[in-house]
Amino acid sequence: MFLIDCPHCGPRAQAEFVFERPVETIFSVDTPTAELVEKLYTRTNPRGVSAELWRHARGCRAWLRIDRHTVTHVIIAVALWNPAP
Amino acid sequence: MRGYSAWALLRGGLGGHRHWSPAWRTPEPARHYDVVIVGGGGHGLASAYYLAKHHKVRVAVLEKAWLGGGNTGRNTTIVRSNYRLPALQGLLEHSLKLWEGLSDELNYNVMFSQRGALFLGHSDSDMTRLAERGDALRCAGIDAELMSREAVAKLVPLLDMSDRARFPIAGGMIQRRGGTARHDAVAWGYARAADALGVDIIQHCEVTGFDIAGGRVTGVQTSRGAIGADRVGIVVAGNSGHVAGLAGLRLPVESQLLQAFVTEPVKPMIDTVIMSQSVHCYISQSDKGEIVLGGDPDQYPTYSQRGEPMRIEEVAGQAIGLVPALSKLRMLRCWAGTTDMTCDGAPIIDETPVANLHINGGWCYGGFKATCGSGWVFADQLATGRVHDLARPFSLGRFAAGAMQDEAAVGPMPQAR
Numbered sequence: 001m002f003l004i005d006c007p008h009c010g011p012r013a014q015a016e017f018v019f020e021r022p023v024e025t026i027f028s029v030d031t032p033t034a035e036l037v038e039k040l041y042t043r044t045n046p047r048g049v050s051a052e053l054w055r056h057a058r059g060c061r062a063w064l065r066i067d068r069h070t071v072t073h074v075i076i077a078v079a080l081w082n083p084a085p
Numbered sequence: 086m087r088g089y090s091a092w093a094l095l096r097g098g099l100g101g102h103r104h105w106s107p108a109w110r111t112p113e114p115a116r117h118y119d120v121v122i123v124g125g126g127g128h129g130l131a132s133a134y135y136l137a138k139h140h141k142v143r144v145a146v147l148e149k150a151w152l153g154g155g156n157t158g159r160n161t162t163i164v165r166s167n168y169r170l171p172a173l174q175g176l177l178e179h180s181l182k183l184w185e186g187l188s189d190e191l192n193y194n195v196m197f198s199q200r201g202a203l204f205l206g207h208s209d210s211d212m213t214r215l216a217e218r219g220d221a222l223r224c225a226g227i228d229a230e231l232m233s234r235e236a237v238a239k240l241v242p243l244l245d246m247s248d249r250a251r252f253p254i255a256g257g258m259i260q261r262r263g264g265t266a267r268h269d270a271v272a273w274g275y276a277r278a279a280d281a282l283g284v285d286i287i288q289h290c291e292v293t294g295f296d297i298a299g300g301r302v303t304g305v306q307t308s309r310g311a312i313g314a315d316r317v318g319i320v321v322a323g324n325s326g327h328v329a330g331l332a333g334l335r336l337p338v339e340s341q342l343l344q345a346f347v348t349e350p351v352k353p354m355i356d357t358v359i360m361s362q363s364v365h366c367y368i369s370q371s372d373k374g375e376i377v378l379g380g381d382p383d384q385y386p387t388y389s390q391r392g393e394p395m396r397i398e399e400v401a402g403q404a405i406g407l408v409p410a411l412s413k414l415r416m417l418r419c420w421a422g423t424t425d426m427t428c429d430g431a432p433i434i435d436e437t438p439v440a441n442l443h444i445n446g447g448w449c450y451g452g453f454k455a456t457c458g459s460g461w462v463f464a465d466q467l468a469t470g471r472v473h474d475l476a477r478p479f480s481l482g483r484f485a486a487g488a489m490q491d492e493a494a495v496g497p498m499p500q501a502r
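Those sequence lines, one after another, are chains A and B. Those letters in the first sequence? Residues 1 to 85, by my numbering. Those letters in the second sequence? Residues 86 to 502, by my numbering.
In isolation and in its complexed conformation, chain B is listed as follows (with noise of 0.2 Å):
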């Protein structure tokens, strides 16, 4: 692999920049690999990436479409690591210390902002909720900042301040070290990196079946014919239940869909990533200028990735309602992303009941952030055949255990998330 430097790029583009070459390699697929992960999202790239890495194995990525076609292309980018579940915390803390080397362990830029992860608090109780979720952050030795009404004025001064505020503001807790990144970079640069320790990246190859003899799994079927492997991990999140499903297993997940909007490109105007404790929208801008809008999920079960007008309606009234200005931006695009949604809306690590087919899914709507880390403890799940420390609290049988890692404490139902 030829590393990317200001200087290659000085010296390339005095040649007249003929020197670019693919990012990765297009194999065609060995007969057997050690590990087959199915997904070339985010996850699964980086998942294969921290295989070869640390544990020197014969891998496959499998991907029905292209890199990161999923949600991987689909989220609002937004990274931060401000849980209040201890099992969240652990693993996302993982997750975001990965994210601050990141661009200089793949030699990809993946764009990574640490401009603050701002929850607004709109009422005494919200304030309260945000002063104990900073506590228990700062005890497990993650930054938490409690912010005043005027030090939220002074870091986002657009919001709508006044006293007729629709959603009155009374201070905040901001994260520093969160922010955002770039999400394609983010594929792009697992896919190249891992490319280079030897992975093959096998792109439209769809999985159709997996082979299981005794209750273990010794390979898939696929669009490009059988592949064996000893391990296979299943990184399909937004289709789990539909893949999982060829191996006759049920998940905990229901398949919902996310919608994000983004606003035509402006000059800077919001520096930090504004979410909030009790309104349902998270606003941001790109790098290219654009207003990056989210929200709730449609809540019912779909794989369309067509989303409801309805929630583009409910979002936009949201984030004007905060910031009055974004009233005058015209909407460009809208897409929806279909998401696993779980039965306490924690994802989900574990082995399956088929030995040696292990699953990495259920990441809701939150999943993005969590790429780095959760490729990391899959890579050594899937290289020693052991859940990871950071993992064992999201298994398949926390549900039957009474042990939910249930964030927003809403019970059983994936669309009240």
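Bound conformation, chain A alone (with noise of 0.2 Å):
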């Protein structure tokens, strides 16, 4: 278990936030079929640094971009969700 800085709330227990996806499958609803299948399907996968979508859904419900080494646990970064950075 591990301490997530969320922006609004400070440094809370990783009990309070829900993972919901990599970066790397989010799509827009026009994607074309093709990559949104393969977006939607197939996975990066890292042995290391991933970037993801959390939600703080037991604290501010903000979406939040964490950084996260997937072996460690050692977060990098957390900045509240830009969808058009």
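Worth double-checking, as some hints may not be accurate.
[Stated by the list, open to error] Not everything, but these chain A residues come out facing chain B in the computed CB check (under 8 Å): (1) Met1; (2) Phe19; (3) Val37; (4) Arg43; (5) Thr44; (6) Asn45; (7) Trp63; (8) Thr70.
[Unchecked claim] Computed spacing ranges between beta-carbons, pair by pair: (9) Phe2(A) with Gly496(B): 19 to 29 Å; (10) Asp189(B) with Asp30(A): 52 to 62 Å; (11) Asp119(B) with Leu36(A): 32 to 42 Å; (12) Asp119(B) with Asp30(A): 45 to 55 Å; (13) Leu95(B) with Phe2(A): 48 to 58 Å; (14) Leu36(A) with Pro107(B): 45 to 55 Å; (15) Thr44(A) with Pro107(B): 39 to 49 Å; (16) Asp119(B) with Ile75(A): 39 to 49 Å; (17) Thr111(B) with Asp30(A): 52 to 62 Å; (18) Pro497(B) with Pro83(A): 36 to 46 Å; (19) Gly97(B) with Met1(A): 48 to 58 Å; (20) Lys182(B) with Leu36(A): 37 to 47 Å.
The hints are simulated quantities; they were obtained by calculation from the structure and are not laboratory data. Idealized CB from N, CA, C, for every residue including glycine.
The task is to assemble the complex, starting from two chains supplied on their own in separate frames and drawing on the hints.
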């Protein structure tokens, strides 16, 4: 279990957060079918740093982008999700 | 290979037990094999055994650490075939039939115990769903028996059957042929039998890359040098995404954790496997007397093999809700395995887009029960280059084709299983 430093709420237990999906799997509604299938159903699944979308479901409910190492669980960055960066 | 038997044990005992020899060799890797299998867990070793037995080809199994040290040694050892979808029924029932003869087949006691796999129903709708699944199973020739509340109470007297129960019990469905097996013995038994048929089992040999020329795999790079192969099988569930990535592939897989727990050992108190239609908690008792518990995955991507404490609380709470007497026991150990969670909850058994590179993975949290059948069909595939009929529904292409095998019917997100 790890602490996530929510930009609104400060450091909170991971139990308050829900993993949503890897950032690479996010697609817009007008994505062409082949690309959509690729995005929805495949993963890089890195053994290393992964960019992920999480939600502070039991806190401020903000959507967060978290860059996190999938072996050590070290969190490199937490930011409010901006769909058009 | 010296056969194991009561007579051999007695004779060896008279000689002071000096007759024991290693159960398998420790060979140096050759420069080339007909088939190289990456991953020395239960599925990889079973694949190697059936390949050597049925197809007479030269096989090596490469394992980065030690045999059965991944999910083969980390599961809750439950074996059953009572799935709802025909594709899963076909593969897992074939597997269960192999389990039934496995100790004799391998001359190795895998302690397969058909103590029954019981699913509890907690409401009228649970019972309707169990009855529907049971009907489907019986139509497919797989045993299933619907049980009344009274029959369940008689089978597991320690269940909380009171009217204030946290999880009221309306009845259940049991697969009598289901049960448990000794997980390490499965890896060791397949390894010993495969070795006797000439399979080279090479431990502490990590695959670091694939040799690919003209879209075909021709061998692997390892921590012990290059090894050539006509066909390569990746059987590394938990790390499928990483290893397939070495060949430039992306899979419909997220690596997540599944935890298991055991209590201190006690006298026999639960002589079947308890699962539930609504609560994701499973309970059995090992031959040592420990109560073995399992629950939901940790539901986010990680390769760490370290589980979240909050899952321990959740599983313990559910188990105590079902069997209140468990509250008196102390938890002895907990551990986690990295599982390949796929986008429909079913495995992946297919040739990859790289020719002659095959994959068997994506077993989510249900791979142990499939060990024998998975090895059987994958051996056939590695020998012939064609996917076995029983494995065809588990192709990589099923997602694009909309032919998902979604037993839980919960959609495309791996953590929703």
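Status of each hint after checking the structure:
The beta carbon of Met1(A) comes within 5 Å of a beta carbon in chain B, closer than 8 Å, and the hint placing it at the interface holds. Hint on Phe19(A) holds. Least Cβ distance to chain B is approximately 3 Å, under the 8 Å limit. With its C-beta approaching chain B no nearer than about 5 Å, Val37(A) sits inside the 8 Å limit, and its interface hint holds. The restraint placing Arg43(A) at the interface with chain B holds, with a minimum CB-CB distance near 5 Å, inside the 8 Å limit.
For Thr44(A), the interface hint holds, since its Cβ comes within 8 Å of a Cβ in chain B; the closest pair sits about 6 Å apart. Look at Asn45(A): its Cβ gets to within about 3 Å of chain B, closer than 8 Å, so that hint holds up. A distance limit of 8 Å between C-beta atoms decides the matter here; for Trp63(A) the minimum to chain B is near 15 Å, and the interface restraint is violated. At a threshold of 8 Å, the smallest CB-CB gap from Thr70(A) to chain B is about 5 Å, leaving the interface hint in force.
In this structure, Phe2(A) and Gly496(B) meet the distance hint of 19 to 29 Å, their C-beta atoms being roughly 27 Å apart. With their beta carbons about 60 Å apart, Asp189(B) and Asp30(A) fall inside the hinted range of 52 to 62 Å. Remark: the range hint 32 to 42 Å for Asp119(B) to Leu36(A) is upheld by a beta-carbon distance near 40 Å. Judged by the Cβ atoms, the range 45 to 55 Å given for Asp119(B) and Asp30(A) holds: they are separated by roughly 49 Å.
For the pair Leu95(B) and Phe2(A), the beta carbons lie near 55 Å from each other, so the given range of 48 to 58 Å is met. For the hinted restraint 45 to 55 Å between Leu36(A) and Pro107(B), the CB-CB distance of approximately 53 Å keeps it satisfied. A hinted range of 39 to 49 Å holds for the C-beta pair Thr44(A) and Pro107(B), which are about 40 Å apart. A C-beta distance of roughly 46 Å is found between Asp119(B) and Ile75(A), which places it inside the suggested range of 39 to 49 Å.
For Thr111(B) paired with Asp30(A), a C-beta distance near 58 Å keeps the hint of 52 to 62 Å intact. For the hinted restraint 36 to 46 Å between Pro497(B) and Pro83(A), the CB-CB distance of approximately 20 Å leaves it violated. For Gly97(B) paired with Met1(A), a C-beta distance near 49 Å keeps the hint of 48 to 58 Å intact. Here the CB-CB span from Lys182(B) to Leu36(A) is close to 40 Å, well matched to the stated 37 to 47 Å.
Figure legend: structure checked against the earlier numbered hints; hints not met, in rising order: 7 and 18.
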